[in-house]
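Trainee: Spelled out, the chains give:
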Amino acid sequence: MDRSTMSHSLMSRFRPLFSLGYVVSRGLRGMAQAPVVQLLAVSTMAVCMLLLGVVMLVWSNAQGIVHAWGLDVPVTVYLVDHAEPAAVDLMVERIGALPEVTRVERVSSEQALERLAEGLGEDGALVEGLDPAVLPPSLEIELAPGIDPDFGHVLAEGLAEQPMVEEVAVAGAWAGRAHDLLRTLEDLALGAGLLVSLACMAIVWSTIRLGVYARRAELQILRLVGGTDRFVHGPFVFEGMVQGALGAGLALGILWVGFDAAAPFLERGLSLLFAGGALRFFSPQELAIGVALGAGLGLLGARAAVGRYAEV
Amino acid sequence: MAIIELSDVTMTYGRGPAAPPGDAQRRAARKDERRAALREVSVAVEEGAFAVLMGPSGAGKSTLLKLVLAMERPDEGTIRVAGRDIHRLRRSSIPYLRRNVGAVFQDFKLLSDASPLENVALALQVLGMPPGEVRRRAASALSQVELDPDAHRPARCLSGGEQQRVAIARALAGEPAILLADEPTGNLDPRLTREILDLLARVRERGTTVLLATHDPLVLDHPALTQQIHLEHGRLVSLHQATRAYGRCEDEDGIPAILPAAWPEPAGAVA
Ligand SMILES: Nc1ncnc2c1ncn2[C@@H]1O[C@H](COP(=O)(O)OP(=O)(O)OP(=O)(O)O)[C@@H](O)[C@H]1O
Ligand SMILES: [Mg+2]
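Line by line, the protein sequences are chains R and W. Position 308, counted from 1, in the first sequence is what the working numbering calls 308; the numbers after and before it change by one each time, with no gaps. Position 260, counted from 1, in the second sequence is what the working numbering calls 572; the numbers after and before it change by one each time, with no gaps.
Hints may contain errors.
Said to hold, decoys possible - Only part of the chain R face toward chain W is listed, based on derived beta-carbon distances under 8 Å:
#1 Phe18
#2 Ser19
#3 Tyr22
#4 Ala34
#5 Glu166
#6 Ile221
#7 Phe231
Said to hold, decoys possible - Coverage of chain W stretches by chain R, computed from C-beta distances (three or more under 8 Å per stretch; other residues unrestricted):
#8 420 to 428
#9 466 to 480
Keep in mind that the hints were calculated from the coordinates and are not lab data. By construction, the Cβ of each residue, glycine as well, lies at the ideal position given by its N, Cα and C atoms.
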């Protein structure tokens, strides 16, 4: 009696798990039943995602280059060694209040040294043990887009007269162009992301829809023996997720192989641009996010395909 | 207590969207357009009964069973199963109704590429049973209908009678409160027919209410029958309670509680 009640409650606790077991095995079996369809879906998705991957990679590297060159900071104000903190505070406040300025950031000597070490990449060890005081503290000023191109210089001239200011550096027209380039790449990545997402969902949607149609007799039977929506649709949703994840995985794999082959040439050819740094590939976390996004798109496409009126 | 109760049920296939309730004239016109498969049928099957639904081909037997499974909707009238108006259930509650109503379909509705065991297992997998338990119960259900649980031939390679028995095993495996059997002996020889009827009688003794549809008058000879329902042209022509075997069912204590407690109560659907 005790044993049977116990095993009964145990069983009901694991019920979702057992259903999940069915969903996974049925989903995999369904994929194996139509391998050509799967192959087509996964490879088409991989091509789409490859496109997105290239754009993202270019964007991320361009960002790195712009940052390494300091082009992302149009105006840098180097302060004298022992500037009065209260006076600096006041200056930060006044600069920040200008409508053309979007951001003012204080960079201490220590932070500056850290950045230098970072920027040198593998050669970063060179600056180890260096006294931070050799690098002056500074203020980094970002300007709003679309303002008068001369504003940076006007501001710099004004600031240079201040007693606690040692020197003012203006990145100039280059900075604006770098920003435009980055913004264009960003828009491109966003657009590609949107298009690729839609395309991937459409691919999953259509393959799943075909599967639902091919297996409609089975679905009717599952309904008649008391299968819930989750039970009936689960294998298809799982299939869509696997397709999406495989598509993303394949795309990233191809991208990696391509990157590995091309990076040395690019780095040599464009060495001037890289200022000692190297081209970067996606980090493991970013790769994982990519695969998860693929699975997510597959899930959405499959969910749409098994919607309420999919079964006939 | 009646476990299945139809009141004034009329059902027409291929009906368009229902006419607005106020528009009596259009409703009447619609009804004349097509012949109803069931007309104003009122019938109750008692809990624990072994009822048989008789009638010539096209009388509406399968239609009645489909209504009880919520596979079709009535034009008019209500169908109550275990006291619940099943056509007012939410869509998401229908699976729970069907888990409590095992069904043998006239066209079997088996997975044609799956083995008998896999077919029977399906009805247990939807319940979320552990795989070992599924295997054990499915094998035992197949043995009950004299089929080899270890046979791996897909269902489409089985004879009509074998397929029919797989369908019966699947309907019984989950030990449902109600068993609907549409011509379950249609493809069987007299010996197997008798065996299956005996099996259904045993199932009924365990507490399952059995409703069997057939046009085979031989079935009427089975001693365990408690109720006969006769349909013709979609109309109820006679309702006959057999008293000889019914005594056993009036003993309330002998019948396990089969009202499925697990049905989610439909929100706002309770009259
Ligand atoms: N899916 C359907 N679409 C349209 N009409 C149908 C459908 N199924 C049954 N009918 C019609 O409904 C009526 C009743 O059919 P039903 O299948 O209930 O009869 P039955 O008593 O089960 O007959 P049988 O003994 O031949 O199985 C028949 O006139 C039939 O033509
Ligand atoms: Mg029939």
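Trainee: Is the interface hint satisfied for R:Ala34? The criterion is a beta-carbon contact with chain W at less than 8 Å.
Mentor: violated (13 Å)
Trainee: When the nearest CB of chain W is found for R:Phe18, is that gap smaller than 8 Å?
Mentor: For R:Phe18, the interface hint holds, since the closest Cβ of chain W sits about 5 Å away, which is under 8 Å.
Trainee: With a cut-off of 8 Å, does the beta carbon of R:Ser19 approach a beta carbon of chain W closely enough for the hint to hold?
Mentor: holds (5 Å)
Trainee: Should the interface hint for R:Ile221 be scored as holding, given a Cβ-Cβ cut-off of 8 Å against chain W?
Mentor: At 5 Å from the nearest chain W Cβ, R:Ile221 passes the 8 Å test, so the hint holds.
Trainee: Closer than 8 Å Cβ to Cβ for three or more residues is the test here. Does the stretch 466 to 480 of chain W pass it with chain R?
Mentor: With 0 residues close enough to chain R, the hint is violated.
Trainee: Taking 8 Å as the Cβ threshold, is the statement that the stretch 420 to 428 of chain W is covered by chain R upheld or broken by the three-residue rule?
Mentor: n = 4 at 8 Å, threshold three: holds.
Trainee: Is the shortest C-beta separation between R:Tyr22 and chain W less than 8 Å?
Mentor: holds (5 Å)
Trainee: Against chain W, is R:Glu166 within 8 Å by beta-carbon distance?
Mentor: This hint is violated: R:Glu166 lies away from chain W, its Cβ roughly 72 Å from the closest one there, beyond 8 Å.
Trainee: Under 8 Å is the threshold here; is the Cβ of R:Phe231 close enough to any Cβ of chain W for the hint to stand?
Mentor: holds (6 Å)
In this structure, the earlier hints numbered 4, 5 and 9 are contradicted, and the remaining ones agree with it.
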